[in-house]
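S.K.: Letter by letter, the chains look like this.
Protein chains: 2
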Amino acid sequence: MRSGRRRERVLKVSRISGNAAQALEKFRELARRIRQYEEILGVVYWDMRTGAPRKGIGHRSEAVGALSDEVFRLMVSDEMGELLAALTEEETLRELGRIDRRLVEEMKKEYDRKKKIPPELNREYVVLTTKAEAVWEEAKARSDFASFAPYLEQIVDYTRRFVELWGVKGTPYDTLLDLYEPDLTVADCDRLFGELKARLVPLLEAIMDSPHQPDTSFLKGTFDAGAQKRFSLFILREMGFDFEGGRLDESVHPFAIGLGPGDVRITTRYLPDDVVSALFGTIHEGGHALYEQNFAPELAGTHLADGASMAVHESQSRLWENMVGRSLAFWRRYFPVLKNHFPGAFEGVTPEAFYRAINVVRPSLIRIEADELTYNLHIMIRYELEKKLFNEGLSVRDLPEAWNAAYRETLGVEPRSDGEGVLQDVHWSGGAFGYFPSYSLGNMYAAQIMRAARRHLPDLDGLIEAGKLLPLKEWLTEHVHRHGKLLRPAELIRAISGEPLGSACLCDYLETKYREIYRL
Amino acid sequence: MRSGRRRERVLKVSRISGNAAQALEKFRELARRIRQYEEILGVVYWDMRTGAPRKGIGHRSEAVGALSDEVFRLMVSDEMGELLAALTEEETLRELGRIDRRLVEEMKKEYDRKKKIPPELNREYVVLTTKAEAVWEEAKARSDFASFAPYLEQIVDYTRRFVELWGVKGTPYDTLLDLYEPDLTVADCDRLFGELKARLVPLLEAIMDSPHQPDTSFLKGTFDAGAQKRFSLFILREMGFDFEGGRLDESVHPFAIGLGPGDVRITTRYLPDDVVSALFGTIHEGGHALYEQNFAPELAGTHLADGASMAVHESQSRLWENMVGRSLAFWRRYFPVLKNHFPGAFEGVTPEAFYRAINVVRPSLIRIEADELTYNLHIMIRYELEKKLFNEGLSVRDLPEAWNAAYRETLGVEPRSDGEGVLQDVHWSGGAFGYFPSYSLGNMYAAQIMRAARRHLPDLDGLIEAGKLLPLKEWLTEHVHRHGKLLRPAELIRAISGEPLGSACLCDYLETKYREIYRL
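Just so you know, the protein sequences line up as chains X and P, in that order.
First residue of the first sequence? That's -9 in our numbering, and the numbers climb one at a time after it.
First residue of the second sequence? That's -9 in our numbering, and the numbers climb one at a time after it.
Simulated from the structure, these hints should not be mistaken for lab results.
Among the hints, erroneous ones may be present.
Treat identical chains as interchangeable: a pair holds within one or across any two.
Stated by the list, open to error - Straight-line C-alpha distance at most 25 Å; calculated SDA-like pairs for lysine to any residue: (1) K219 - P43; (2) K329 - R5; (3) K106 - S67; (4) K104 - A13; (5) K45 - L460; (6) K45 - S67; (7) K219 - E240; (8) K98 - C497; (9) K219 - G41; (10) K159 - A480; (11) K121 - R316; (12) K105 - R23; (13) K105 - M38; (14) K45 - R227; (15) K210 - R357; (16) K45 - D102; (17) K45 - E228; (18) K458 - I348; (19) K219 - T40; (20) K105 - E60; (21) K219 - D37; (22) K16 - R113.
Predicted, not measured: the structure shown is a model, and the values here were computed from it.
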């Protein structure tokens, strides 16, 4: 299909000339510089979390602040405003190549968003949230919501003002959702989460009533950190992680970070009494990393070398962690390898028994420790509360009670203290309202993408069981990774599955999996 | 002495007001921002040399280039020019506090130096030297001077033009020396190196003729890298390196880098067949690090948080590496510890025998492998050649012959190829002419500082032999480290020793040490 390919290349190139061409050149340069500074800030962020000397952190934070200010300044500069104005003139925009057009759109959105917040207000907000995160950490440790409440109230107030300044889309919370998942509305979310709840709550009840509870006793023990690390690195290699273009380190909270083409880093944390925590952390972040390592080369160095959205990014980590890493096919292949890493630890345990153990479902209080099924219920609780905060006038001081009631009602458990309740997540102290839904949407994307992958790779389980993870990785690269932010999430999922995002695939997947495990 | 202290504090504060005070505030802010960017660039530099994924290096270099350009732009900006003009008005300068005045002086010097080079010329030169370093690496590997010569010729030409633009001080090479050691002249250098040569060459001859050559056979073997690392970390701790404000990593070429207050990092390299290479690398870089970790807090975040000069910085690494780390007192204490780290490796070897072995003198071809004594002769050869290049019209194509003749004459050895001759050092490929003398000047500073330290710590050898390295470290902090760049090198050495820099202390020290070792 040579001619077809040639045509595609021509379409990619912008056909403008004269002033517009000059503006495009300058715009690319400016956007590139912003991106380069962001990547450098990324290196410093990584360093601060993986081993920078404690005593230098305060000073370094100020340096990071200075360069971040410069990034902000460039982003909202008159130059940026003028270039975007020139390039978004209808005639010019139409003549831009795909990449340039999309880049202009994205930068325009970001420019408008930042420009609408008065710099002074933004500075106050940054100071507030920086302070609030430290206060939150203290408050969580002491289970003292009262000390955090005044900060949270202020953060909510600022956020309400920002929403006003950005413009209310439908409802105020719609504006916040759009920050993380472009074009996602409260109506969409209500529908998707409603469907999910309607199928998952009965499933959970059936699971709880099942007499076939997995034996998890062999997951407890002491597991050498060196062996955990070797096994994690081995699995990462099996997944196709490129170690010449990335690395695995340790940090208190695992994360993945793309620092530009050829440099994607992930971290995990080795717990001596937990054989799978570091591994699933590694696979999860590894899923994010595969996305970042496989953007199309022509997106390199642009803001389009990024996930299509927070939720799509999350779909890649969850697909690998849960749908591959917690599958029976996976453990049929890799359980013997795991056993070799921990001699004597799993005597008499079969791959099937191990698989059932790592998929045990238990309603619990802490989101980040939740199993694959109830995790979604933790997210829905947060979604409902955020919606009430911004759309229905719930006040911050009534949050703990609302939180506890929701856990009682949805999961049948109740926090003994706010530390294991409303204070458990860092997100609100940083003002990240609208972020939580991405996690469950990520599960939905993952299930829908996985269903499409199975159509193209009919014997996927057979491949996985044969230790061949690369065909899946390559399929994902072709259909998800390489596009980066070039496609919008809605375009991407339609291109892959022929449908808009729905809840059905996730529900089908979870029902099938857990009915088998719990023999329902 | 309370009143005295109060007076000192008052003197530190600038007494200006009105416009000048405003200019000072803006100047401090601008200088601080430049410094912050430089520190961030330092983090990226460290990262690129200690483990950044290979595939990201090219892209990262471009990002570093972009931020470096911004630093340059800020440094030569009209704003900087105007602020410096305002602050260097005689009346204002007089009223500035010590720190501000010195900072203004230093920034003015840097501003003038950078401003005098047309940006285009500078850009050409950066491109040239970047290219040249890669060419040099190839040329060195193939011992092919001819392929590097055209680049070196161009670099020398550019350097000559820069000297013209900066202004010739006495001779062109004076201008280059001043880049690394402020106020050092060719006349100074000729005298110091002349004196050094007059005493070291006869010493070397006597050593070569001595029948008492140390036995070095037990230095060969295989030495576990893990044990080397543990021992290096142990010694670093003994020296008073602050691990909460720094770290030790690995890199191909060891280095030390100060990344701001509370963050000073060093690297070393563990060679499996050499028990002391990594250790002396660690001690050497540790000496640099102690300097950087102990600047006075009031210099933090300014350009005065730096060594007084390249040579003074080098004095700290060489003092620790050679005068402490290669002393008999040190090994009387630490040889048993070393033996514990390598069970069975040094059976029957006494601390004295080990001390003699690690101090063996052998005229050789490679500077970085040279012993403490002949090292200075390697430097003098380079000094003489650079002086001839810039002051006496030596042409680049005649360099190899001149190099070989100098080695034959001074050290009695001759390179078999240019790879182990004129091509061995990276410096010239980066245009660092005038840099080499710092190494030997560092030895002179070290010896003169050490003599002063011994006056204040009369039983220094006893302390070292008792494993008490901290009194020396504290003395150095008080007399050298804390001043940073606040004192000029000449002021610093006079304050410490009551005299200007001389060669006598170094010669005395080397003669005493080696006469004892070689029983002369």
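S.K.: Is it within, between, both or neither when you check K45 against S67 at 25 Å Cα-Cα?
M.R.: neither (35 Å within a copy, 33 Å between copies)
S.K.: Evaluate K219 and D37 at a C-alpha cut-off of 25 Å and name the case that applies: within, between, both or neither.
M.R.: Classified as both; 20 Å inside a copy, 22 Å across copies.
S.K.: Within a copy, between copies, both or neither: which one fits K105 and E60 at a CA-CA cutoff of 25 Å?
M.R.: Both ways: K105 and E60 sit 14 Å apart in one copy and 23 Å across, limit 25 Å.
S.K.: At most 25 Å between alpha carbons: which applies to K104 and A13, within, between, both or neither?
M.R.: within (21 Å within a copy, 31 Å between copies)
S.K.: When no copy is named, should K106 and S67 be tagged within, between, both, or neither for a Cα gap of at most 25 Å?
M.R.: Cα proximity of K106 and S67: one copy only (13 Å, versus 30 Å across).
S.K.: Have a look at K105 and M38 and pick one of within, between, both or neither, based on CA distance no larger than 25 Å.
M.R.: Cα proximity of K105 and M38: none, with 29 Å in one copy and 35 Å across.
S.K.: One pair to classify: K45 and D102, alpha carbons no more than 25 Å apart. Within, between, both, or neither?
M.R.: neither (38 Å within a copy, 35 Å between copies)
S.K.: Have a look at K121 and R316 and pick one of within, between, both or neither, based on CA distance no larger than 25 Å.
M.R.: Neither way: K121 and R316 sit 39 Å apart in one copy and 50 Å across, limit 25 Å.
S.K.: Can you tell me if K159 and A480 fall within 25 Å by alpha carbon in one copy, between copies, both or neither?
M.R.: Within one copy only: 18 Å inside a chain, 68 Å across chains, cut-off 25 Å.
S.K.: Can you tell me if K45 and R227 fall within 25 Å by alpha carbon in one copy, between copies, both or neither?
M.R.: For K45 and R227, only the inter-copy Cα distance (17 Å) is at most 25 Å; the intra-copy one is 35 Å.
S.K.: Check K210 against R357 for me: Cα-Cα at most 25 Å, and say if that holds within a copy, between copies, both or neither.
M.R.: For K210 and R357, the Cα distance is within 25 Å only inside one copy (21 Å; across copies 57 Å).
S.K.: As a check of your reading, is K458 near I348 (CA-CA no more than 25 Å) within one copy, between copies, both or neither?
M.R.: within (22 Å within a copy, 54 Å between copies)
The structure shown violates the earlier hints numbered 2, 6, 8, 11, 13 and 16.
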